[in-house]
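Use these hints to put chain B onto chain A, whose structure you have.
Note that the protein sequences, when read in sequence, are chains A and B. Going by our numbering, the first sequence runs without a break in its numbering and finishes at 251. Going by our numbering, the second sequence runs without a break in its numbering and finishes at 251.
Fair warning: there could be bad hints in the mix.
Claimed, not checked - Calculated pairs, DSS-like style, for lysine-lysine (alpha carbon to alpha carbon, straight line, at most 25 Å):
no.	chain 1	residue 1	chain 2	residue 2
1	A	K213	B	K246
2	A	K161	B	K213
3	A	K245	B	K213
4	A	K161	B	K161
5	A	K213	B	K245
6	B	K246	A	K161
7	A	K246	B	K213
8	A	K246	B	K161
9	B	K245	A	K161
10	B	K55	B	K85
11	B	K161	A	K245
12	A	K161	A	K85
13	A	K213	A	K246
14	B	K85	B	K161
15	A	K213	B	K55
To be clear, the hints were calculated from the coordinates, so they are not data collected in a lab. Note that the structure is a prediction, hence the values are computed from the model and not measured.
Protein chains: 2
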Amino acid sequence: MRILVTNDDGIFSPGIKALARAMAELGEVIVVAPDIEQSAVGHGITIRRPLRFKHTASAGLEPIPAYRVDGTPADCVVLGAHLKGPFDLVVSGINLGVNLGLDITSSGTVAGAMEGVSLGIPSVAVSLDTVHMEELDFTYAAQAAQTVVRWVIEHGLPEKVLLNVNVPAERPRGFRVVGLVDRYYQDQVVEREDPAGVPYYWIAGEPIEESKAGTDLWAVRNGYVALTPINLDFTDSELVPTLKKDLEGA
Amino acid sequence: MRILVTNDDGIFSPGIKALARAMAELGEVIVVAPDIEQSAVGHGITIRRPLRFKHTASAGLEPIPAYRVDGTPADCVVLGAHLKGPFDLVVSGINLGVNLGLDITSSGTVAGAMEGVSLGIPSVAVSLDTVHMEELDFTYAAQAAQTVVRWVIEHGLPEKVLLNVNVPAERPRGFRVVGLVDRYYQDQVVEREDPAGVPYYWIAGEPIEESKAGTDLWAVRNGYVALTPINLDFTDSELVPTLKKDLEGA
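Isolated chain A (complex conformation):
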């Protein structure tokens, strides 16, 4: 069982250390992660410039081999699979902050898992609600990751499906298998002026606190580990017949 561990907070993040150690109890782990934080990069792949792939003993992961890449989480999975593969699993995280709802399309953590799926490797993304934590503690997130990954090792995953795991700040009351909330962050734009008086804009995400029952946001807000299977076949089959009728003759 060879497990590629990546993240988007970067190779020096405490979250990837906790995840790599938890995964090392389940198989042979190799860490390939961005050299700097890549939050909200989405499923970007670097194709316009070359990338470096460097052994990184200073990440404090020894004896687990660790490599850093000057690119996105998806880049890390592509290069990791090419240079150190084959892998049986890709596990991405533990992200400092939840990845819920439609915001997963902007998440570097989930993008690492998407790239795994797209290479045909069963993949899991793990995120932790650190905003509501007084002190960083990965204990329960690492345990949740182990539980989910053990399940995947035993049962496998359908093609094109990844598991998205979000762990609450406090000790979890158990797992809830839930759908994606519409949106977790509400985009806000903060307007300011630079020292020369020229305006600039800062995109800020304001977390939405209300949560519909049965969603990932609801689960995490209520102290459960939110587990959501994500299918990467995005075709909306309901609209197909209408579009066929109206446009195939156009």
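Quick look at chain B alone, frame taken from chain A:
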């Protein structure tokens, strides 16, 4: 009918000019696009640095107002909606190159439309197979965009659904409503050495030429405009009962 036009090739791309002019026949168009090419950035949103929003007469779009942003297509949609909204439609493209299959998760063009959907605005992404063109010609892509957008203006779109449109290089034989192919590009990694003898890696996408009937790749390869409704609720409902049974008690 207020239409926000964006892209990922940048505000100076001929593709966005063709799209903006085609859309100007259907409503009031405002262009907000990246200042430089943002291909393969995926659904990234810039949250770690401020952004500029600059009127850009030099884009050659007059009298259509055009603004450039030093960020991603999703940034353009967020800032455009905030500063110049509200909009009834977001249309992204015309991309120089197709956006097919699972690769749409890395596509800046599709990300512009995703951000539109995520702000509750009906959205369409338009891409053109320029690789198989001898000379850039947006005539048919602009016509296809008009046909699809007219349909959306008349019928609307379900919440969370965007339309992904890919136009073949030659004059289209019509529309085909199709699903996403598994993958269009096969990731390849090219290894080289820099002048100091240190290795570097370049991720290259090798287009996959074989195509299963009924997919977007098949349609474009066979001279049709590929039209795919994309649903941004990614939850895989088939796996939910098994996961509930196995893990909710864990």
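Going through the hints against the structure:
1. K213(A) <-> K246(B): Holds - the C-alpha atoms of K246(B) and K213(A) are around 22 Å apart, at most 25 Å.
2. K161(A) <-> K213(B): Holds: K161(A) and K213(B) sit about 17 Å apart, inside 25 Å.
3. K245(A) <-> K213(B): 19 Å, holds
4. K161(A) <-> K161(B): 20 Å, holds
5. K213(A) <-> K245(B): 19 Å, holds
6. K246(B) <-> K161(A): 21 Å, holds
7. K246(A) <-> K213(B): 22 Å, holds
8. K246(A) <-> K161(B): 21 Å, holds
9. K245(B) <-> K161(A): 19 Å, holds
10. K55(B) <-> K85(B): 12 Å, holds
11. K161(B) <-> K245(A): 19 Å, holds
12. K161(A) <-> K85(A): Status holds; Cα separation ~22 Å.
13. K213(A) <-> K246(A): 35 Å, violated
14. K85(B) <-> K161(B): Cα-Cα ~22 Å, so holds.
15. K213(A) <-> K55(B): 39 Å, violated
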